[in-house]
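**Student:** Sequence:
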Amino acid sequence: MPQRINPFTLVFLLLLGYLAYTAFTGPPAPTLSYTEFRELVRQGKVAEVTLEETRILGLLKEPERFPTPQGGSQVARRFAVPLPPAQVADPELLRFLEENSVRIVTKTPSLWPQFLLYVGPTLLLILFFWFFFLRAQGGAGQVMQFGQSRARLYGKEKRVSTTFKDVAGHQEAKRELME
Numbered sequence: 001m002p003q004r005i006n007p008f009t010l011v012f013l014l015l016l017g018y019l020a021y022t023a024f025t026g027p028p029a030p031t032l033s034y035t036e037f038r039e040l041v042r043q044g045k046v047a048e049v050t051l052e053e054t055r056i057l058g059l060l061k062e063p064e065r066f067p068t069p070q071g072g073s074q075v076a077r078r079f080a081v082p083l084p085p086a087q088v089a090d091p092e093l094l095r096f097l098e099e100n101s102v103r104i105v106t107k108t109p110s111l112w113p114q115f116l117l118y119v120g121p122t123l124l125l126i127l128f129f130w131f132f133f134l135r136a137q138g139g140a141g142q143v144m145q146f147g148q149s150r151a152r153l154y155g156k157e158k159r160v161s162t163t164f165k166d167v168a169g170h171q172e173a174k175r176e177l178m179e
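No gaps in the numbering here: position 93 of the sequence shown is 93 in full-length UniProt numbering, and each next residue is one more.
Quick caveat, the hints were computed from the structure, so don't treat them as lab data.
Don't take each hint at face value.
In silico lysine to aspartate or glutamate, EDC-like type, Cα no more than 20 angstroms apart, as pairs [to be verified]: (1) Lys61 with Glu98; (2) Lys107 with Glu48; (3) Lys107 with Glu62; (4) Lys107 with Glu52; (5) Lys61 with Glu39; (6) Lys45 with Glu98; (7) Lys107 with Asp90; (8) Lys45 with Glu64; (9) Lys107 with Glu39; (10) Lys61 with Glu48; (11) Lys61 with Glu36; (12) Lys45 with Glu62; (13) Lys61 with Glu99.
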């Protein structure tokens, strides 16, 4: 019979994996204003941009020093720029990027984050209740056996009958039988 994985071990491993992922991804890319972004393109420092629905992710030719919100500075090659709303979007942006020899990559959004956002909490609740239901029943494998008794029936052929004759000469055994 295969041994079950302890749910607490599973949660611990998932948490450990998340911490390892966040530790190795590095600091987030600095966020620039749209004006700063256009100035970097104009200066020829931008090698590539990835256009997403709500932001532009950029890659510089050489690392630059950017100010951080805490007042310090950060050296990075990647940066992010929030896109302006559709009402004030720059219709000349693509032409401007092409004129300055910037490689343009478009990225279609993945549906997995939205799917997990809507379905994930429901699945977690179901797993949570399932786990405690199994705990209350005494473990897995007993889903349809909750009404059955674990008592065993023995017939006369399996009954062990010890008599005084069997233990003749054993004083300790005689005392136990008399009790």
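**Student:** Each hint should be assessed against the structure and marked as holding or not.
**Tutor:** Hint check results:
1. Lys61 with Glu98: holds, 16 angstroms
2. Lys107 with Glu48: holds, 13 angstroms
3. Lys107 with Glu62: violated, 23 angstroms
4. Lys107 with Glu52: Distance of about 6 angstroms is within 20 angstroms: holds.
5. Lys61 with Glu39: Status holds; Cα separation ~14 angstroms.
6. Lys45 with Glu98: Distance ~14 angstroms between Lys45 and Glu98 Cα, so the pair holds.
7. Lys107 with Asp90: Holds, at about 18 angstroms.
8. Lys45 with Glu64: Between Lys45 and Glu64 the Cα gap is close to 9 angstroms, so the pair holds against 20 angstroms.
9. Lys107 with Glu39: violated, 23 angstroms
10. Lys61 with Glu48: Measuring from Cα to Cα gives roughly 8 angstroms; hence the hint holds.
11. Lys61 with Glu36: Roughly 16 angstroms between the alpha carbons, so the hint for Lys61 and Glu36 holds.
12. Lys45 with Glu62: holds, 7 angstroms
13. Lys61 with Glu99: OK: Lys61 and Glu99 at ~16 angstroms, within 20 angstroms.
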